[in-house]
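Novice: Following our numbering, the numbering of the sequence shown begins with 1 at its first residue and continues without gaps.
Just so you know, the hints here were simulated from the structure itself, not pulled from any lab data.
Here the structure is a predicted model, which means the values were calculated and not measured.
Backbone N, C-alpha and C fix where the C-beta goes; we use that ideal spot for every residue, glycine too.
Do not rely on the hints blindly, as some may be mistaken.
Stated by the list, open to error - Pair by pair, the computed Cβ-Cβ distance ranges are:
# : residue 1 : residue 2 : range
1 : T125      : G33       : 34 to 44 angstroms
2 : S22       : A126      : 21 to 31 angstroms
3 : A126      : P34       : 29 to 39 angstroms
4 : E117      : P44       : 15 to 25 angstroms
5 : Q114      : L58       : 10 to 20 angstroms
6 : G73       : E112      : 15 to 25 angstroms
7 : S54       : G99       : 24 to 34 angstroms
8 : G11       : P74       : 28 to 38 angstroms
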Amino acid sequence: MNLLDLELATGMPGNPAHFTGSVLLTTASEELGPVKLIRVEFAPRARTHWHTHSGAQLLFVVAGACRYQQWGGPLLEARAGQVVHIPAGEKHWHGAAPGGPMVHLAVNIALETQWLEAVSDEQYTAG
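With the hints as constraints, model all of the structure from the sequences given.
Specialist: Laid out in structure tokens, this is it:
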């Protein structure tokens with residue numbers, strides 16, 4: 001199967017218990033075994049809450065700038081065309097930079113997500 005041939009389900013708004021700001025999630029409509037493929041559109045400044053995954057996650061930045069941070073680490077940014085690797089068990093968040101929207105394709109392989117507290121405006125700005 002060609003990744004570009006996948007059909008996507010209709011986008012759903014992000015759960016406010018897991019996201020700050022306007023977020024739209026679109027999943028692959030086909031069964032991909034243990035792989036979950038999610039296209040996530042973030043409005044400027046929108047972001048996930050802190051969370052962990054039981055397995056590794058890859059974020060393919062499609063458009064804009066992805067701001068992300070590991071707990072206790074520096075605030076980082078990845079731009080369109082770059083890939084962010086989130087190791088299993090790492091407490092982290094990711095979202096759009098303040099200057100514009102961001103889209104990433106999240107690839108999760110057989111993992112569960114544990115959602116934690118919201119990222120404060122101070123954490124988002126200062127890192």
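Novice: For each hint, tell me whether it holds in the structure or not.
Specialist: Tested hints:
no., hint, result
1, T125 x G33: 34 to 44 angstroms, "holds (40 angstroms)"
2, S22 x A126: 21 to 31 angstroms, "holds (23 angstroms)"
3, A126 x P34: 29 to 39 angstroms, "holds (37 angstroms)"
4, E117 x P44: 15 to 25 angstroms, "holds (22 angstroms)"
5, Q114 x L58: 10 to 20 angstroms, "holds (18 angstroms)"
6, G73 x E112: 15 to 25 angstroms, "holds (23 angstroms)"
7, S54 x G99: 24 to 34 angstroms, "holds (33 angstroms)"
8, G11 x P74: 28 to 38 angstroms, "holds (31 angstroms)"
When the structure is compared with the earlier hints, no violation turns up for any of them.
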